[in-house]
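S.K.: Spelled out, the chains give:
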Amino acid sequence: MSYTGTAHKVGEHIDTDAIIPARFLVTTDTRKLGENCMAGLEEGWVKRVKPGDVMVAGRNFGCGSSREHAPIAILGAGMPVVIAHSFARIFYRNSFNMGLLLLEVGDEVDKIADGDTVEVDAAKGLITNRTTGATITCPPLPASMRELLDKGGLVPYVREKLA
Amino acid sequence: MAHTLAQKILQAHTDEAIMAAGQIVRCRVSLALANDITAPLAIKSFRAMGAKKVFDRDKVALVMDHFTPQKDIDSAQQVKLTREFAREMGVTHYYEGGDCGVEHALLPELGLVGPGDVVVGADSHTCTYGGLGAFATGLGSTDVAGAMALGETWFKVPPTIRATFTGTLPRWVGAKDLILRLIGEIGVDGALYRALEFDGAAIEALSVEGRMTIANMAIEAGGKVGLFAADEKTLAYTAARGRKDAPLSADPGATYERELTFDVSGMDPVVACPHLPENVKPVGEVRGVTLDQVVIGSCTNGRISDMREAAEVLKGRKVAKGVRCIVLPATPGVWKEALKEGLIETFMESGCIVGPATCGPCLGGHMGILADGERAIATTNRNFRGRMGSLESEVYLASPAVAAASAVAGVIAHPGSL
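Chains A and D supply the protein sequences, listed in that same order.
According to the numbering used here, the first sequence is numbered sequentially starting from 1.
According to the numbering used here, the second sequence is numbered sequentially starting from 1.
Misleading hints may appear alongside valid ones.
[Said to hold, decoys possible] Partner residues are not named here, just some residues of chain D that face chain A (Cβ under 7 angstroms, in silico): (1) Ile24; (2) Ile37; (3) Leu41; (4) Ser45; (5) Ala48; (6) Gly50; (7) Asp74; (8) Ala122; (9) Asp123; (10) Gly138; (11) Gly140; (12) Asp143; (13) Val188; (14) Asp189; (15) Gly365.
[Said to hold, decoys possible] Derived DSSO-like pairs: lysine-lysine, alpha-carbon spacing no greater than 27 angstroms straight-line: (16) D:Lys71 - A:Lys32; (17) D:Lys8 - D:Lys244; (18) D:Lys53 - A:Lys161; (19) D:Lys52 - A:Lys161; (20) D:Lys53 - A:Lys151; (21) D:Lys44 - A:Lys161; (22) A:Lys151 - D:Lys44; (23) A:Lys32 - D:Lys80; (24) A:Lys50 - A:Lys9; (25) A:Lys124 - A:Lys50; (26) A:Lys32 - D:Lys44; (27) A:Lys161 - D:Lys156; (28) A:Lys124 - D:Lys156; (29) A:Lys32 - A:Lys47.
It is worth saying that the hints were derived from the structure and are not from the lab.
Just so you know, even glycine gets a beta-carbon here, dropped at the ideal spot from N, CA and C.
Sequences and hints are given; from them, build the entire structure.
M.R.: Printed below as a string of structure tokens:
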């Protein structure tokens, strides 16, 4: 699991109403949700995103509601990974269930600025800022999360269990 | 090992021995819940999992409360899809229309949740049932789909923060003020990944409904659950709803990661200012802030005791000109009781708009959306930017008494100042 893309940096306590406002929750379609990703932060925010880009955030990213539409909207916008100081817990579970990779790096997140080119090697637990040369080592993923990602998310996990 | 409330409940639902916080355990669930926003996604995942039936048709609840009565074609499609799924699976507890209310007010009222239960819901305010002593937490739709199929899910055993409230509540200070004060103290991520456990003389004195108000907002501090011991009041509440529950309390000598104590004597009512629930100030400090809308209702404060509190302030008074005061009793049961007690008449005489049992404006869904530059005070639980409408609007959070007093004054006001 390795990704390289432009970092789009957002602030602290970015809530799920900012990631995908409730008025867009009348669908479960990935593309449609992606078109309105971060519309609660700024209308048209998503226009800056190219497929493969990386979201970078401060503390408590994804706080608020349990809407799984939030990680889906980020994936739908073309971002496969979010790097943050920390994540809200429901969002954390949802993201792995949906196949969105999250990396929790604490204060080290300050080593990435908006617009930097970032390379993520999830297997090695290494983030490299290609713009500045700075590196961040991430703590290993919890075993339960690795198991989920290995199986391809919660849907295949349960399918295997029911079979 | 001496267990906290959270550990004790999880232990009763797993075959693995709970030894420490941080351990991951698989637990049997007592109830799995989803609403009209989250059920369609859960159903999509449920089908993709290859599941053919729900684990127990009496232990799945589907409550169509957010965008209902159906506000547009898209939301009507979502409800239709869920209704058809409920029929196909023979789900006992499907609620829509006249028997439907805001889920976290409705399920306790129906006796579907109680002490010692493990409840998972595809809604972050599922933690409300902690007020009855249930380990109840919000999960995403796919997690809930897994629970609907298997009847179990995994949890990381949380460390617990104990919040003790001592003293006697002053007039006009209630449950909402206590939870806002706690969130103001520890912040919106102060209990991230953790359980909150509430006790103390001021908590024992609270009604079960007040405890649910507090538990409801545990998530606003990042908490996984907000738990209360089940005492005589709890057991009387659930017995009146046809349940037979046993008392429940934490083990003496249980380990707490952090212990906080608050003396409520001499406390003033508080409000949470835009745009985070942690921006908490005594009402006196924001007195005079002008308002366009007041919302009284929601899973936080839409129960009968909240309606009584608001009506007590509104009785014989008028909502200020230019302010729309929207009252949404949270369930048909609350609505009927409010009607019987004359509270609806009080609201109408005061110039309020009384609406159906719906989440509606709390999440900017419908029935009271804010325009650019508009400002509301609400008894709801979130004041994130744009939560109730325009990105340029503002929401203040407060108790029913403060919201009602502010509706009368037309500006944020202390109920004692009218």
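S.K.: Is lysine 151 (chain A) close enough to lysine 44 (chain D), meaning Cα to Cα at most 27 angstroms?
M.R.: Satisfied, since the Cα-Cα distance of roughly 18 angstroms is no more than 27 angstroms.
S.K.: Minimum Cβ distance from valine 188 (chain D) to chain A below 7 angstroms?
M.R.: Holds, because the Cβ-Cβ distance from valine 188 (chain D) to chain A comes to roughly 6 angstroms (cut-off 7 angstroms).
S.K.: Could you check if leucine 41 (chain D) really has its C-beta closer than 7 angstroms to a C-beta on chain A?
M.R.: Given a least distance of 5 angstroms, the restraint on leucine 41 (chain D) holds.
S.K.: So if I understand the rule, the pair passes when the alpha-carbon distance is 27 angstroms or less; does lysine 50 (chain A) with lysine 9 (chain A) pass?
M.R.: With a Cα-Cα distance of about 14 angstroms, the restraint between lysine 50 (chain A) and lysine 9 (chain A) holds, given a limit of 27 angstroms.
S.K.: When the nearest CB of chain A is found for aspartate 189 (chain D), is that gap smaller than 7 angstroms?
M.R.: 4 angstroms, holds
S.K.: Taking 27 angstroms as the top limit, are the C-alpha atoms of lysine 124 (chain A) and lysine 50 (chain A) close enough?
M.R.: 25 angstroms, holds
S.K.: How about isoleucine 24 (chain D): closest beta carbon in chain A under 7 angstroms, or not?
M.R.: At about 5 angstroms, which falls below the 7 angstroms cut-off, the nearest Cβ of chain A leaves the hint on isoleucine 24 (chain D) intact, so it holds.
S.K.: Does lysine 32 (chain A) pair with lysine 80 (chain D) here, judged by a C-alpha cut-off of 27 angstroms?
M.R.: 20 angstroms, holds
S.K.: Does isoleucine 37 (chain D) pass the interface hint, meaning its C-beta sits closer than 7 angstroms to a C-beta of chain A?
M.R.: Because about 5 angstroms separates isoleucine 37 (chain D) from the closest Cβ in chain A, which is inside the 7 angstroms limit, the hint holds.
S.K.: Restraint: glycine 50 (chain D) near chain A, CB-CB cut 7 angstroms. Satisfied or not?
M.R.: 5 angstroms, holds
S.K.: Taken at face value, is the distance from the CA of lysine 44 (chain D) to the CA of lysine 32 (chain A) at most 27 angstroms?
M.R.: Roughly 16 angstroms separates the two Cα atoms, so the pair holds.
S.K.: Quickly compare the C-alpha distance for lysine 53 (chain D) and lysine 151 (chain A) to 27 angstroms and report which way the hint goes.
M.R.: 23 angstroms, holds
Hint compliance for this structure: every hint is met.
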